Structures are given as structure tokens and as C-alpha cells.
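**Student:** If you want the building blocks of each chain, they are given just below.
Number of protein chains: 2
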Amino acid sequence: MSIAPVLIDGHWQPSAGKESFQSMNPATGAALDERFPVSTWADCELVLSAAAKAAAALRALGPEPIAAFLEDYANRIDAAAAELTAIANIETALPVEPRLAKAELPRTSNQLRQAAAAVRSGSWAMPTIDTKLNIRSCFEPLGPVCVFGPNNFPFAFNSVSGGDFAAAIAAGNPVIGKANTSHPATTRKLAELALEAIQATGLPPATLQLIYRLSHEDGAKLVSDSRVGATGYTGSRHAGLALKAAADQAGKPIYLELSSVNPVVILPGALSERGAELVDEFVGSALMGTGQFCTNPGLVLLMAGSATDAFIHGVSEKYKTAAAGTLLSSGVRNSLTKAIETLTKAGAKLQAGGTPIEGRCSVSNTLLTASASQFLSDPHVFQTEAFGNATLMVVANTQGETVQVLQALEGNLTGCIYSAKSGADDATYYKIAPELACKVGRMLNDKMPTGVAVSSAMNHGGPYPATGHPGFTAVGIPASLIRFGKLTCYDNVRESRLPKLLRDASPSPETWRLIDGQWQK
Amino acid sequence: MSIAPVLIDGHWQPSAGKESFQSMNPATGAALDERFPVSTWADCELVLSAAAKAAAALRALGPEPIAAFLEDYANRIDAAAAELTAIANIETALPVEPRLAKAELPRTSNQLRQAAAAVRSGSWAMPTIDTKLNIRSCFEPLGPVCVFGPNNFPFAFNSVSGGDFAAAIAAGNPVIGKANTSHPATTRKLAELALEAIQATGLPPATLQLIYRLSHEDGAKLVSDSRVGATGYTGSRHAGLALKAAADQAGKPIYLELSSVNPVVILPGALSERGAELVDEFVGSALMGTGQFCTNPGLVLLMAGSATDAFIHGVSEKYKTAAAGTLLSSGVRNSLTKAIETLTKAGAKLQAGGTPIEGRCSVSNTLLTASASQFLSDPHVFQTEAFGNATLMVVANTQGETVQVLQALEGNLTGCIYSAKSGADDATYYKIAPELACKVGRMLNDKMPTGVAVSSAMNHGGPYPATGHPGFTAVGIPASLIRFGKLTCYDNVRESRLPKLLRDASPSPETWRLIDGQWQK
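Heads up: the protein sequence lines correspond to chains E and A, in order.
Under this note's numbering, the first residue of the first sequence carries the number 1, and numbering increases by one thereafter.
Under this note's numbering, the first residue of the second sequence carries the number 1001, and numbering increases by one thereafter.
Next up, chain E with everything else stripped away, as it sits in the complex (with noise of 0.2 Å):
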């Protein structure tokens, strides 16, 4: 069996490496049917040389090639939807329709879309002009671009097609793609996209380059090398603690987005006052896409009382007579399964699930429940993430115990309140909510966090680990595009020397600037 090129300055070469690996289909089980390369330093070194040059010669492009590049290459992808959508659903077991095909892929063409028109407007990059001292700054591009696509979003996080790609092109960087080895062939069908808008819009070769695995050696060699602008991570805790621990060392900035268990407080009020309705809604949130979303709502906050037993048994029920997905991989279901037991050994009661299907890539939907005192003992240990269909029910029987519980968690993507429309539980919404709104990223009112809308205003970060730095969002253009720029300020230069987009006149109709305080068209 013949072993995938890797793509290194334009072109599709074999990789250095002589390992190689294959994904499997989870829905079947069965390995697939080609081999993709290991890469080792060899490779990485040739990757890195020609995205220092493909750094410089963007940067002397300037915005509209860029920006042609985005929207050539998001066509690209809508027009070969059907062929992506197969290979994903093969690599991932995501379905076709509605997931793949309606809202993935379109998202992710959209993304490109949206970057394009920041790239055209500028407006990213917080130009600010200081008339009065010809003191001027703004955001530049940082560097080469390392990013590591998580294995749920086979399109919209895909290293060399989702958010992270999407903001380090637009800020101007070429992208060194490292696929998530579970859906290498759609990786890999990106990348050839990709590399033919690329060539439509005259880019540099090594706009994009892509290689499939890495040693974690040369992953934390990679990161902290000193061609490398900054670094976007999306994935397990553990790999990306030691790709930060690498980084950091080096003065590298690396964005990160690793685990979250989003914590979801049900009040008594809206329990009585719609505690069937939201059963559904709950239910519909945490097990779609078998919960494996980064926003999937794994730890739910209650109140001692009969509609919290009513709402755990609601839960309960529909958890046993709703199919339990297929996970993403084997990979998948085993951390489940071992999330799912620390958690029981922790004291943690099984009231659904808890057990892997028999020959299938599946664990039956989990609902355990706990208590607040309980969770309390050992904070740490029950807030185990446990990506996929499983769902921690804690149950707190005072307001007080509610309050320590959310002043024990770590930081987390979003976290919710859902409380009575009546206005009974505003007593005590205004009392948690501080305590949760400083420990998470996004802070949701009686809505479920598994939408994660592109807004200008969305956040999806939060404190660590959710995340590295609780400054810094990963969707939502124009505020993602920042994390891969380079502050600089241009103090007396000539003004046929300074930036277009600090000129006195200004570049486009669309850009804000910040001249003298004042944010102006």
C-alpha cells in the first residue's frame, strides 16, 4: 500500500518518514484504505524554510490576493461539498445530512467568506493613529502559523480549512496544517483545494503546507521553533499542555482551546415553571453529535427538590431510549469509558449508560449524578471531562452549597443559567451568576451552549484550561484574527514609508481606525 505525499511548498511530495498510519471507519470498525506518512524533523524543517519565505512574500502582497484566496477557496469547497461530505462521514461517522452537508460545510465556507471580507477591510487589525505625535500602530501579520484541527470538526476547525486557518490567513501568515489523524483523507482533500486556490489567485506555494503526524518531539520542536509566528491548538488537555509547555519556553504564543465540561444551573423556578420543556431541550444539546461538541453541556448544577428528581428522571429515561451515536473513533470511546468509570469510582451514581456497546464505536447515553457535597470532596476529580454522551448531574441542597460548587470550577468555555420567567429564581441568579459569569467565556441565559454562532460578539475562549488566555476568542471574525497578529507601532516614520492602513488617507471606504480617540470610517 502505497504511503500519502505530504504537501510542502506547492508541492505533493513523499514524506520523509517511513512510519505511516491509517484511520479507521467507526461506524464499521475497519481500518481504511490508505496509509498516510509520519513525518519527521526532515520534513518539518523543509515546511518551516519555505513558510519564513511565504511569510515575507505575503506580507509584501498585501490584502487582496488574500482576501481572493479566502473566497476562491471557499467556493472551492461548497462546489466539491459532495466529495467532502463522503470522505468525512467514512473518516468520522458524522452524518451526511444534516451535520456534514448543512451545517459544517457551509459554515466553514462562510468562515473563509467572513475572513475575506475582514482581510479587504482591515478593520482586524485596530489601526490607530496618534495625529498629534505622528504616532501610529496597528496589528501585522505575526509569522507562520502552526495548527493542530481537533478530530470533531472534520471542516470547521480542520487545520487547514476551519477557524484557526481561516483568522492566520487573514492576518496575513501562511499556515503549517497538522492534521488530526482520525480524518486525514478529508485533511488531505482540503489541502488540495486549497492549494488550487491558492495557484488561481497567486499566492505563495507555501501559503499552506500540510503533514499528518508528528512525534511529540518534533511537535513541541515545531512550536517552538524560532521561525514560527504563533501556534492554534484545538484538542486533548494533555497533548496541548506539552505543545504550551514547549511554546512558552520559547516565547512563542499559543492559543489553546482543551477541555470544558460547561456548566449548565437549572433553578427551581424554571423547573416548575417548564421542566418537561426542558428536558427536551436538554436531552437535544447533550447528545447531539453523540456530545461531542467542545460546548457539549457535561456538568448540569440543581437544586434539591421534586422537579430536580422529575428532571434527572426525564433525563434518565430519554437517555435510555435514545440510539447512542457512534463516537469518533475507538480513541474516543475508550476516554469516555475511563472518564465514565473515574467518575463512578469518585462516588458518582450511574442512573443511565455507563457501559461501551459490543462491536460498535458507541457508549450507551450516560447520566450519572452526584451530590454537592460530594463534588465538593473532590472538585478536580468530578469535573472530568468526559467527551461524548455523558452527562454529571450535581445536586445541591442549599444556595450556599450552589455557590461553593461554582467558586470550585475551572475555567470552562460557557456556562448557563436557566432560571424562571416568572422572575422566581432572580434572587438567585443575581447571587451565582458572578460567581459563574468570571469562570467561563461565554455566559448563556436559558439557551443551551452547543450553538457557537461566527458573531463579531461571540467568545469562544474562557480562563484556563479551557483555554490558554482568558483574553482571546477562536470564533468570531474580526476578534479571532488578532491572536495571530504582531502589535507594532510606527513612531515619526515617513508617511510614504508607514503601512497603508495608517496613512493619512485612509485605504478603503470600510476600514475603522482609531484616529485621536475617535473610531472613524
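Just so you know, these hints were derived from the structure itself, not from any lab.
Note that the coordinates shown come from a computational prediction; the quantities given were computed from them, not determined experimentally.
Cβ coordinates follow ideal geometry from the N, Cα and C atoms, glycine included.
Honestly, I wouldn't trust all of these hints.
[As the list claims (entries may be wrong)] Label pairs and their computed distance ranges (CB to CB):
id, chain 1, residue 1, chain 2, residue 2, range
1, A, K1500, E, R503, 30 to 38 Å
2, A, N1492, E, N75, 27 to 35 Å
3, A, W1041, E, W12, 52 to 60 Å
4, E, R274, A, P1014, 54 to 62 Å
5, E, K421, A, P1014, 49 to 57 Å
6, A, R1497, E, S373, 48 to 56 Å
7, E, W41, A, E1358, 20 to 28 Å
8, A, D1378, E, R497, 41 to 49 Å
9, A, W1041, E, S377, 21 to 29 Å
Position chain A relative to chain E; hints supplied.
**Tutor:** Chain A in isolation, oriented as in the chain E frame:
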């Protein structure tokens, strides 16, 4: 001799630490007449616990009392100018006139007033509203901020009155100040004024707390404590990197300003046009404050030729005749002497100075030269920061060598290029400017880097190892506040529960908000 108290939760109380230290008058070499404590973890524990409570209380108070505090404190600093500058002069040997009284103290109170204005407008928090999706986000306080101030600005970067302090407080966070041990009495006096202002404006007593010294272990423990939001540090690379390692591992943001040689390229055309003038301009900047500025031009890059020879000769003569200033401490003198030794051992040639002055806290004004090929043989060593009145001039034989030297530069706060007004250097400028710009936070033309204006467009930052992250500035309001903010998004949150900045009605006619992609007041 009694030991000065520390400031914990509004009370000046004895430190739990039994060890103590004295500061020194660098002008006389005499130890000063007072002892300050080395805090142990017991002090930190009290400070952290009070800071966490103050953080919650400040959040509840909102902007107006914080703005009032900053202004009241600024007024108290102005009113106590005579006493403050006298104490600082004794501890630092910086002259009362003009440096401390005319430049640094007014800069400090002005910075606090600008911070107050930023608090009132709220624009720093970048309130962003998507009205269609009802998603809203802004920066909110991150939690208690530890500030470690440097030795070289006893007011303007002091941990209890300087830029990081002002930014952290304006972003709504309490500050845990760690005094620079070379000016503890100055810091105490400032903290006394701050406490009076805290009491006068009704802020939580622990809005500012002060300790003087910590073991390295306790420093690392402090910046990584779960109750801390972030840390601002300005000082030596060695101590800063130890704190960074600890904070990084805990996932806590730390903003560092470490070291910078601030390369200045002077092109041949500029030297031919106005060589004598440039000698004066350069020497003025390089010896100002005895060279003890973060943005001191420590590395000059020249191209071989007679104009360059004349420039080096001119600077050398001025260095020999100018009086050597008093350094901030014997520590600074020792480091400077050691750095000069490192450079001469590597092969740099001594053109002037190079030796400590007997019986004084001084080193003679020192000029070193090296060829570009020497520099390129060991770029890391030739970039050794010689903090103080010492300069290394590197002479390149070709434009190619100049580019290579720039490519070998580490990250710096600033970079300057002097070129001919006639345009004679333009071709070289366009060749080298992109190489320099990507290595520095602030790029200057025909201007020395030592002035750092408090401007909204300023970037006092730069790539590692100048700072820890290339996207943030430590000077310039409101941008410097962002470092101490946590991005929080509100998704579907009821209007009355939103922060005032994000409600439909703007809280102030001064507030800029990004609503549906349009900045508006």
C-alpha cells in the same frame, strides 16, 4: 532598628517574615536608615485572600468610584511631589530636577488621570454587540493583579503607581504590589497616598496591598496562585523568566518586559548629511538617565565608510568627556561591568570607558565596536544587554551583512532607522525596514527611542524576549488595560442582567461600542 510594616487589606501591619533588607543611597554608597521586611508565604496568603474579596467588591462597585480613586490618588501624588522626589532621589540618585520632578512625577499623575478617563468611558473594554443574535461581549476585570516594578522608574513604572498599576486598577482589578527593592521607601510613601485615596473614595481596602520582597519560590507561588488574575513584571530577564515559567504552568497570564538592546541603524546618507548633529542626538539619548531606560539605544548598526568612522569617533570623544552618571544600584553597576566583559571577551573592541569608577556607583561611559562578521559569529552574545551607559556599535561591510545582522536580532521594544532626507538611503531603507520591523514593537524613523509617549497609538512591547507576548503594550491608554481584562460574552442574557456597557442604551455618551460591525458612540 525597626522593620517597616507591609500593607495588607488596608492595614499597615508587621510582616510575618523575620528577615529584612536595607536599600542604599547610590550617590553615597551608604545603606539607608531603615529596614524593610522579606515577606514569607504567610503574608502572601493574607494578601491573596484580601485581594480576592476586593476583586469581587470592585466588580460590584462599577466604574465611577474607581475613576474617582485614580484622580484622587493623582492629586495626592502631585501635592506630595516635593517629599516623593526627595525620597526617590536618595534611593535612586536620579536628579530631582528635571528628571523626577519635571518629567517622571507629572507623567505618573497624568497616566493615572488618563486611566480614570478610560474607566469612565468604558471604551477600553471593547463592548461589542450583535443585535440580531443578541450576543454581546466585552472585557471584564480578570482578578487580582500582581505588579513587580522595575528599578529605573521609581514613579512611572512603580508597582503601586505606574503604568501596570494604573492599567490593572482601571480594568477593575485590585493590585498586589511587590516593591522594587532598590526604592522601598519611595514605594511605601506612594502606597500611603494610595491608601488615603482608597479611603477617601470608598474603595475596598485591599484595592492596593504592598509587600517588599519575597523568596524566588514564594514569588513563583504567588503569580501562579488560583486567586490571581494576572501579573505584570518589568525587570531583569532572569527573574522574569522564572516567574513566567510558574505562571505559564498555572495558565495565568503574565506580561513581562524583560530586556531590549533597541537597535538603531544609521545609514550612510544620513551620516553624510548630518553626521555631527547625529552624534549629539545619539549621545543625548544613549547617556540620558545614565543609559538606564528600557528603550536605551544599546546597539547601533552602521555601514563601513568614512562617515561612519567619523560618527564613531565623534561619539567616542563625547563619551570620554561627558561625566559618567550614577547608576541606580551597585547591582546595576555589577551587571553592567559583567556585560561589558562579556562583550569584550567575545571580541568587541573598547573605544571608550569600560571600567567601574572607584568609590562610586558608576561605570565610565562605554563605547564598544565590532564588525558584522564578529556579531554574526555569535549573535546571542553580541546582543547581551548592557543596561546602563554602554553602547555597542556594529559595522557592516555590505548591505547583505546589514540584513543578516537584522535577521539575527532577537525581539526588541524598539528599532530605529536614520536615513538621508535627500532620499539617498531609500533603496537600502526599503530593503532593511521589513527585516527590522518584524523584530520590534516600535519602529522609528530619524528619532531616538528613549521617549515613550503615553499615547493611544504607542506600543511599548515587542516580540520575545523583549516581552512575553507580541500583541500587548505596557504603555498607552486604553490599550494597556486589555492585558488585565477577561473577555466575557453574554448570549441571550436578559437585558436587565447585562453589564451596563452591553445594555441597549449606552452607559455614557463617551463610550465607543462596536454594534453590528459599526463603531458608535
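**Student:** Please write out, lowest number first, the hints stated earlier that are contradicted by the structure.
**Tutor:** 6, 7, 8
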